[in-house]
Amino acid sequence: MQIYLPIAEVSVNAFLLLGLGGMVGVLSGMFGVGGGFLMTPLLFFIGIPPAVAVATEANQIVASSFSGVLAHLKRKSVDLRMGCVLLIGGLVGAALGVVIFNYLKALGQVDLLVRLCYVVFLGVVGSLMFVESLNAIRRSKQPVARPTRKKHGLVHALPFKMRFRVSGLYISVIPPILVGLVVGILAAIMGVGGGFIMVPAMIYLLGMPTKVVVGTSLFQIIFVTGFTTLLHATTNFTVDVVLAVLLLVGGVIGAQFGTIIGARMKAEQLRILLAGMVLLVCGKLACDLLIMPSELYSLAAEGGH
Amino acid sequence: MRRFLLLILLLFPGLANGEETIVADLSQRHVSITTNFNGSEILIFGAVRREGPRIDEPLDVIITVAGPPSPITVRKKDRVAGIWVNTDQAELDSAPSFYAMLSTGNLDEIISATEDLRHRITTPQLIRAVDVGATEGTENFVDALIRIREEEGAYQRRDNSVGIIDETLFRATVELPANLTEGDYDTTMYLVRNGEVVNKFATSIDVQKVGLERFLFSLAHNQPLVYGLMSLAIAIAAGWLASAAFTVMLRR
Chain A
1 MQIYLPIAEV
11 SVNAFLLLGL
21 GGMVGVLSGM
31 FGVGGGFLMT
41 PLLFFIGIPP
51 AVAVATEANQ
61 IVASSFSGVL
71 AHLKRKSVDL
81 RMGCVLLIGG
91 LVGAALGVVI
101 FNYLKALGQV
111 DLLVRLCYVV
121 FLGVVGSLMF
131 VESLNAIRRS
141 KQPVARPTRK
151 KHGLVHALPF
161 KMRFRVSGLY
171 ISVIPPILVG
181 LVVGILAAIM
191 GVGGGFIMVP
201 AMIYLLGMPT
211 KVVVGTSLFQ
221 IIFVTGFTTL
231 LHATTNFTVD
241 VVLAVLLLVG
251 GVIGAQFGTI
261 IGARMKAEQL
271 RILLAGMVLL
281 VCGKLACDLL
291 IMPSELYSLA
301 AEGGH
Chain B
1001 MRRFLLLILL
1011 LFPGLANGEE
1021 TIVADLSQRH
1031 VSITTNFNGS
1041 EILIFGAVRR
1051 EGPRIDEPLD
1061 VIITVAGPPS
1071 PITVRKKDRV
1081 AGIWVNTDQA
1091 ELDSAPSFYA
1101 MLSTGNLDEI
1111 ISATEDLRHR
1121 ITTPQLIRAV
1131 DVGATEGTEN
1141 FVDALIRIRE
1151 EEGAYQRRDN
1161 SVGIIDETLF
1171 RATVELPANL
1181 TEGDYDTTMY
1191 LVRNGEVVNK
1201 FATSIDVQKV
1211 GLERFLFSLA
1221 HNQPLVYGLM
1231 SLAIAIAAGW
1241 LASAAFTVML
1251 RR
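Chains as they are written, first to last, in this note's numbering: chain A, 1 to 305; chain B, 1001 to 1252.
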């Protein structure tokens, strides 16, 4: 069934969009990533103009993250207090990121920088996580259970300590705010919710349990992408609500399934799968940069980037 | 239809000597883009009204349909330090969003280059590119634009697609694709003999969004904040609804 999108001004197959939304929704519920880094290239591929794809994508992520968070809230696997602390850093970071983005845009070649950013971050995050979870799986197979060591690093020495009961942590608020800030900056520059950076940062830098991380990440993604949607809608007029509805119908259902699947899997398995997916997208982007394109020329509407 | 065409022929007897003019119409002058819009087929039909004796030289008809023009940037990639990067770009002043050329024969043989230039019939003539700001030749960028748009089906050239009966009645159908932009689609018909345009007739097709499409488009542009909040509300409501539905399902 073909549907004409009023803002994108293209006609697309409704079932294809429902399917895409569902697929990305499952991943979103499982891993706590918004799925923007997967969905945006897919939308380009089916012919949605880039500006519309990026803006509409943000709106769709709001829906699937909200659906996912509700499911996680029922399992009590959202650390609301940690989420709020991260969000404070995140919003400040996002504002800073927009400033940096505009500065880079004035210098030119921002497109290339965003791509390189993607390849580097996806590559680093993906491979670190992959190696770590592989080790964790190997360790868990050994019969002798080692006593878990409590690390007393810098994270514990800082002031302004706060108890995060759901995560089982008693740490300073400075590291979470810094993590939120850095992720916020990157998210604004790269135009994504930042889940795929946030999730590993929470696990490895803050030492949060994997099960809590997913719900908490989704919680803060809602606000970041909600803000982005409004920004795009008011400045660029590029949010296509018909496209968003088609994507999010699939997305919210997928997110529910994803949460169920995620709850049944081991933390290491979940991490290794996320790492694999991140590396796959990274590889695809790297190939695009390295392999000679079949069409050297590309079209862009005036004023776009 | 045929009766109507005959009527046209009978109604216009008096004209200057030897002159040939086009009388034509379209099956529809308005195209409404609705939610389930899936392209549109428009029938173009007309007749040659002539005064005086018939000229023996063969007569050809060319029909062009041009979508609303807009400026466009064409970028070119090149290899820099091992990776493919946009290195050059041309800002073309104006190119139609859609362009169809239909004719009774092979377009290259029908019309002479000078006449093409004068009446701006073939696609390259329609693309205005002055002071594009590219380091490389402009033609490469214009060619690339045409190549890409032809692949998308936005630019069409269909030779031998206009049927002509007895050098008098002609008809053709033009297929407007599903990915239409709004605006006036200028439709021009040319009578051509010996490579020269004898007469031309212009009209236009009005393409407009209607209903829900119209409503959403205007809302997005006139009240962006309301539109943005509405989009968010829909997203939140859908997220909640799915969650609620699953809770009910899982309880069973």
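Warning: the hint list may mix true and false statements.
Computed, partial: chain B to chain A, Cβ under 7 Å [to be verified]:
#	residue
1	N1038
2	I1042
3	K1077
4	I1083
5	W1084
6	G1137
7	I1148
8	Q1156
9	N1160
10	T1168
11	N1179
12	N1199
13	K1200
14	F1217
15	L1232
16	A1233
For lysine to any residue, the following SDA-like pairs were computed, each having C-alpha atoms within a straight-line distance of at most 25 Å [stated by the list, open to error]:
#	chain 1	residue 1	chain 2	residue 2
17	B	K1077	A	F257
18	A	K211	B	V1248
19	B	K1076	A	S140
20	B	K1076	B	G1105
21	B	K1077	A	L290
22	A	K284	B	T1247
23	A	K161	A	V245
24	B	K1076	A	A286
25	A	K266	A	L104
26	B	K1077	A	I88
27	A	K266	A	S140
28	B	K1200	B	G1105
29	B	K1077	A	L104
30	B	K1077	A	V131
31	B	K1200	B	I1055
32	A	K284	B	L1241
33	A	K74	B	M1249
34	A	K211	A	T234
35	B	K1200	B	I1148
36	A	K74	A	L290
37	B	K1200	B	R1079
38	A	K74	B	V1031
39	B	K1076	A	I291
40	A	K141	A	V131
Don't read these hints as lab results, they were simulated from the structure.
All C-beta atoms in this analysis are idealised placements derived from N, C-alpha and C, irrespective of residue type, glycine included.
Verification of the supplied hints:
1. N1038: 5 Å, holds
2. I1042: Cβ of I1042 of chain B sits 17 Å from chain A, so the hint is violated.
3. K1077: Interface hint status for K1077 of chain B: holds (5 Å vs cutoff 7 Å).
4. I1083: 4 Å, holds
5. W1084: Check passed: Cβ of W1084 of chain B comes within 6 Å of chain A, closer than 7 Å.
6. G1137: At 13 Å from the nearest chain A Cβ, G1137 of chain B fails the 7 Å test, so the hint is violated.
7. I1148: Check passed: Cβ of I1148 of chain B comes within 6 Å of chain A, closer than 7 Å.
8. Q1156: Status violated, d = 17 Å.
9. N1160: Violated, because the Cβ-Cβ distance from N1160 of chain B to chain A comes to roughly 28 Å (cut-off 7 Å).
10. T1168: 38 Å, violated
11. N1179: At about 5 Å, which falls below the 7 Å cut-off, the nearest Cβ of chain A leaves the hint on N1179 of chain B intact, so it holds.
12. N1199: 35 Å, violated
13. K1200: 30 Å, violated
14. F1217: 5 Å, holds
15. L1232: 6 Å, holds
16. A1233: Constraint on A1233 of chain B not satisfied, violated at 10 Å.
17. B:K1077 with A:F257: 42 Å, violated
18. A:K211 with B:V1248: 24 Å, holds
19. B:K1076 with A:S140: Cα-Cα ~52 Å, so violated.
20. B:K1076 with B:G1105: 35 Å, violated
21. B:K1077 with A:L290: Holds, because 12 Å separates the two Cα atoms, which is no more than 25 Å.
22. A:K284 with B:T1247: Violated, because 37 Å separates the two Cα atoms, which is more than 25 Å.
23. A:K161 with A:V245: Roughly 42 Å between the alpha carbons, so the hint for K161 of chain A and V245 of chain A is violated.
24. B:K1076 with A:A286: 19 Å, holds
25. A:K266 with A:L104: 42 Å, violated
26. B:K1077 with A:I88: 40 Å, violated
27. A:K266 with A:S140: 11 Å, holds
28. B:K1200 with B:G1105: The hint holds at about 17 Å.
29. B:K1077 with A:L104: Satisfied, since the Cα-Cα distance of roughly 20 Å is no more than 25 Å.
30. B:K1077 with A:V131: Status violated; Cα separation ~36 Å.
31. B:K1200 with B:I1055: Given that 25 Å is the threshold and the Cα spacing comes to 18 Å, the pair holds.
32. A:K284 with B:L1241: 35 Å, violated
33. A:K74 with B:M1249: The hint holds at about 14 Å.
34. A:K211 with A:T234: Answer violated: K211 of chain A to T234 of chain A is near 36 Å, above 25 Å.
35. B:K1200 with B:I1148: 30 Å, violated
36. A:K74 with A:L290: Between K74 of chain A and L290 of chain A the Cα gap is close to 45 Å, so the pair fails against 25 Å, i.e. violated.
37. B:K1200 with B:R1079: Distance of about 48 Å is beyond 25 Å: violated.
38. A:K74 with B:V1031: 50 Å, violated
39. B:K1076 with A:I291: 15 Å, holds
40. A:K141 with A:V131: Judged against 25 Å, a Cα distance of about 16 Å means the pair holds.
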